[in-house]
Amino acid sequence: MTGLTHLQRLEAESIHILREVVAETERPVMLYSVGKDSAVMLHLAKKAFFPARPPFPLLHVDTTWKFRAMYDLRNRAAEAAGMELIVHRNPEAEALGINPFDHGSRHTDMWKTEGLKQALTAGGYDAAFGGARRDEEKSRAKERVFSFRSAAHGWDPKAQRPELWNLYNSRIHKGESIRVFPLSNWTELDIWQYILQEGIEIVPLYFAAPRPTVERDGMLLMVDDDRFRLKPGEVPVERSIRFRTLGCYPLTGAVESEAATLSEVIQEMLLTTTSERQGRAIDHDQAASMEKKKREGYF
Amino acid sequence: MTAYQPDALIAADINAYLATHAAKSMLRFITCGSVDDGKSTLIGRLLYDSKTIFEDQLSQLEADSRRVGTQGANIDFALLVDGLAAEREQGITIDVAYRFFATEKRKFIVADTPGHEQYTRNMVTGASTADLAVILIDARKGVLTQTRRHSYLAHLVGIKEIVLAVNKMDLVGNDQSVFNAIVADYAAFARGIGIERFTAIPLSGLTGANVTTPSPDMPWYEGPPLLPHLETVAIDGDRAVAASFRMPVQWVNRPDLDFRGFAGLIASGRVSVGDRVRITPSGRTTSIARIVTYDGDRDQAIAGEAVTLVLAEEVDCSRGDVIAAAEDPPEVADQFVATIVWMADAPLVPGRSYSLKLGAQLVGATVQPPRHVVDVNSQEQRPADTLALNDIGLAEVYADRPIVFEPYAKGSTLGGFILIDRATNATVAAGMIDHALRRSQNVHWQSTVITREAHARQKGQSPKVLWFTGLSGSGKSTIANLVEQKLHAMGRHSFLLDGDNIRHGLNRDLDFSEAGRVENIRRVGEVAKLMADAGLIVLTAFISPFKAERDMVRALLPEGEFVEIFVDTPLAVAENRDVKGLYAKARAGEIAEFTGISSPYEAPERPEIHVDTTKETAEQAAARIVEHVLGVWSYDL
Chain A
4 MTGLTHLQRL EAESIHILRE VVAETERPVM LYSVGKDSAV MLHLAKKAFF
54 PARPPFPLLH VDTTWKFRAM YDLRNRAAEA AGMELIVHRN PEAEALGINP
104 FDHGSRHTDM WKTEGLKQAL TAGGYDAAFG GARRDEEKSR AKERVFSFRS
154 AAHGWDPKAQ RPELWNLYNS RIHKGESIRV FPLSNWTELD IWQYILQEGI
204 EIVPLYFAAP RPTVERDGML LMVDDDRFRL KPGEVPVERS IRFRTLGCYP
254 LTGAVESEAA TLSEVIQEML LTTTSERQGR AIDHDQAASM EKKKREGYF
Chain B
172 MTAYQPDALI AADINAYLAT HAAKSMLRFI TCGSVDDGKS TLIGRLLYDS
222 KTIFEDQLSQ LEADSRRVGT QGANIDFALL VDGLAAEREQ GITIDVAYRF
272 FATEKRKFIV ADTPGHEQYT RNMVTGASTA DLAVILIDAR KGVLTQTRRH
322 SYLAHLVGIK EIVLAVNKMD LVGNDQSVFN AIVADYAAFA RGIGIERFTA
372 IPLSGLTGAN VTTPSPDMPW YEGPPLLPHL ETVAIDGDRA VAASFRMPVQ
422 WVNRPDLDFR GFAGLIASGR VSVGDRVRIT PSGRTTSIAR IVTYDGDRDQ
472 AIAGEAVTLV LAEEVDCSRG DVIAAAEDPP EVADQFVATI VWMADAPLVP
522 GRSYSLKLGA QLVGATVQPP RHVVDVNSQE QRPADTLALN DIGLAEVYAD
572 RPIVFEPYAK GSTLGGFILI DRATNATVAA GMIDHALRRS QNVHWQSTVI
622 TREAHARQKG QSPKVLWFTG LSGSGKSTIA NLVEQKLHAM GRHSFLLDGD
672 NIRHGLNRDL DFSEAGRVEN IRRVGEVAKL MADAGLIVLT AFISPFKAER
722 DMVRALLPEG EFVEIFVDTP LAVAENRDVK GLYAKARAGE IAEFTGISSP
772 YEAPERPEIH VDTTKETAEQ AAARIVEHVL GVWSYDL
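Line order of the protein sequences matches chains A and B. The numbering used here applies: residue 4 is where the first sequence begins, and numbers increase by one. The numbering used here applies: residue 172 is where the second sequence begins, and numbers increase by one.
The shape of chain A in the complex, shown without the other chains (with noise of 0.2 Å):
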């Protein structure tokens, strides 16, 4: 045995991922969603530079939509690592005041996949690292560590290159791209072990409190401030709820809990029966749909 705990593989992969994509590509940048997975994300690169901070900014694509729990542990977390963040909107979803209630998908198309690929484009990176996990959903367990981008963003499943050993090929031609995920390996209980385990601070939604909620189309949402539209006769009611999932405050669907503490979250996460992802909207139009997504180059 070499002594080494599955979480201290993991751990060493990804810096070695980290590290690979900074001294190969010339403009990298890292995708921050806020989210327990860029926590984890961010936690590594400031590991793996470490004594230096990590040489890449951090870059939102904001949707104006998120918790605003969020933007709070954003803008610290940035400031406790040191480092830039860019914080993209969409200027054209902006103007036309894009928002989940009235625009149903093409809120996500625009604020998310247009938006990030405007901010790519205008920053020049040729890198950008997304806390993405193979286990996450079926198109994803086929995707590179070092995933290829054309010029406009797309992903072709069936041009990707070759991965052996731990040799990462991060060539590309001018206006190319690389999404590099050094979270690939792990799954989501990895994920959890390891907040707990290195103490890493996470947006408070992910813990059980008495938060205002409407139930609707058998979601539980959160009314996170006085932009949700109620529907006629829809009243806040204050539950104990968590989030498995964080994204725009009015599609994510929360679910009632009383686990307060982190390995209660854990615990409750491990009891249920239901896979991570279900909260989110996006994936149950149907079963391809995030490899249609992929294709148009969402993250």
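Among the clues, some could well be false.
One-sided and incomplete, this derived list gives chain A residues near chain B with beta-carbon spacing under 8 Å [unchecked claim]: (1) L7; (2) T8; (3) L10; (4) R12; (5) A15; (6) A26; (7) F53; (8) R164; (9) W168; (10) I175; (11) K177; (12) G178; (13) L199; (14) I203; (15) L223.
Don't read these hints as lab results, they were simulated from the structure. Since we're looking at a predicted model, the values are computed, not measured. Glycine included, C-beta positions come from ideal geometry on N, C-alpha and C.
Dock chain B against chain A, hints included.
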């Protein structure tokens, strides 16, 4: 159908459960076989039985099974695994998909790769990070061409743990004799290609028999079911930690003028503060001042850890350099023989410059026309001018500057490389270094006034190395002695290097392990080369079981000077003679790694002279060798 059932400890004592989970090890394995063998079904079954499938995934699966499944009203576990839409439509898996599951003891990462010949590259890719390979066989069909192909590839990539999963036992009535026949068949093949060990398990992915628990259907099978085996099999990490220290420098960490650290992932061995290290390729030595991590300085770090090293002195060191144990640094060379797996649609262009990435080194490199390619189905070698998609061949690789490396057998970090097409930036090949060529143009020699040609002229002969190879007791020394007597009588200047004699002196510090044997031959090769430089006709009588080392010696010498003489005596005959009583001892287990008994002998493929000792006497063979060699010489003289 029941989905995920949580462990009782989770509800009872979550912290105790988490403590257990934190101490888990990790096993990465690859599954090889085709859809027809029930591979996807087996993986789906492992995920399902290890409680990794959630209710919503199960309901999705049930819906998909009805829509596109192949199991009628039943759940099609294969659908859990086949990911991309394009693949589902075609009903085949065309890429490498990674799956994750965990049990009480381990976390598992499964690389699922397609089985067809046209996806050889995908399998090699998946196998490159695997600790273990599960080779699937359909019990009704037995060992097929694809079984041999998958086993060969797994072995090629260096996987030491092989599981032969004999699937669909339910369809052959759980018959023990069917299983035994398949295992015997496979064992014969596996030995032939050099697989040292494998574990055979009879099971059924469809019914779940012997997947997680022993099956009452097969009471005759007493070994562990598949999952318990995967949970307990030793992970090949010991070797890496036990080996000499090497860390490729990935990145130089220089936040300010006061700090200069070298960041990397330790490839092998261990390193402690104060250790003497050598920076390769420059060769400068210094010592370790600090081992820096985010969690504080460390006294020691081991293979597999990502650290930042601070050196005691300001020595030149940058990305691509390898920090290594000062006393045992890796080799540095610019020409290699490597096994290359071609992964691009466009074939290899010999002589074209590709980018070669090995560790953190990136250099330009050309590939010579292959010495041969290996038929992945029959494992036979055939000549070829180039390498096409999915071809596996042995070729010389010339780098445009020296790189730090080790043979792939010692480790993938410094032995495995990729080739990148400079025009398309695509990864076109994976390579595994066998050994370096010693005729490197960039090595600078002290020139001597009396040249090797002058030495040879003075003796009136062309130097040769007559390399006798064969099993112990095959008659190498006997024939070599007769040859030397004849040469001596004819006034030729010769010298006989005998295996036993050399081991009493020059090589008395070497054991009979593979490493010891390699070093034995390397030194003998170097000595033979010096003697040939002095103008002598050198005769060597060594078992020299490994082709790589014989080839290495051949590469040391000018073209045509190395004469390989295969003294071919069947094992039974040599053992029967047993002049030195060694076979008896080996059979009694008193000698470990005895060639022919417990260690392989790789017969020469194209020896210059082939002596069949069952057909000619030692005297006849000696006469023929002298005639052959003098016949060649007569043109020189």
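**Request:** Using Cβ atoms only, decide whether L7 of chain A comes closer than 8 Å to chain B, and label the hint accordingly.
**Result:** L7 of chain A check passes; min Cβ-Cβ to chain B is 5 Å, inside 8 Å.
**Asked** With a cut-off of 8 Å, does the beta carbon of K177 of chain A approach a beta carbon of chain B closely enough for the hint to hold?
**Response** Hint on K177 of chain A: violated, closest Cβ of chain B at ~11 Å, above 8 Å.
**Asked** Regarding the hint that R164 of chain A lies at the interface with chain B, is the smallest CB-CB distance below 8 Å?
**Response** Holds: closest Cβ of chain B sits about 4 Å from R164 of chain A, inside 8 Å.
**Message:** Interface hint check: L10 of chain A, Cβ to nearest Cβ on chain B, cutoff 8 Å. Holds or violated?
**Reply:** L10 of chain A check passes; min Cβ-Cβ to chain B is 7 Å, inside 8 Å.
**Item:** Evaluation of the interface hint that places I203 of chain A against chain B, nearest CB under 8 Å
**Value:** violated (12 Å)
**Item:** Restraint check, 8 Å cut-off on beta carbons, for A15 of chain A near chain B
**Value:** Where the cut-off is 8 Å and the nearest Cβ of chain B is about 4 Å from A15 of chain A, the hint holds.
**Message:** Is the interface hint satisfied for R12 of chain A? The criterion is a beta-carbon contact with chain B at less than 8 Å.
**Reply:** Holds, about 5 Å.
**Agreement of hint L223 of chain A with chain B interface, Cβ distance less than 8 Å** = violated (16 Å)
**Message:** Checking hints one by one. Is A26 of chain A an interface residue toward chain B, by the C-beta closer than 8 Å rule?
**Reply:** Result: holds, 5 Å to nearest chain B Cβ.
**Message:** Would the hint on F53 of chain A be counted as holding, given a Cβ-Cβ threshold of 8 Å to chain B?
**Reply:** Holds, about 4 Å.
**Message:** Tell me if the interface restraint on T8 of chain A is satisfied: Cβ within less than 8 Å of some Cβ in chain B.
**Reply:** At 6 Å from the nearest chain B Cβ, T8 of chain A passes the 8 Å test, so the hint holds.
**Message:** Next item in the hint list is L199 of chain A. Is there a CB on chain B closer than 8 Å to its CB?
**Reply:** This hint holds: L199 of chain A lies near chain B, its Cβ roughly 7 Å from the closest one there, short of 8 Å.
The structure is inconsistent with the numbered hints 11, 12, 14, 15, although it conforms to all the rest.
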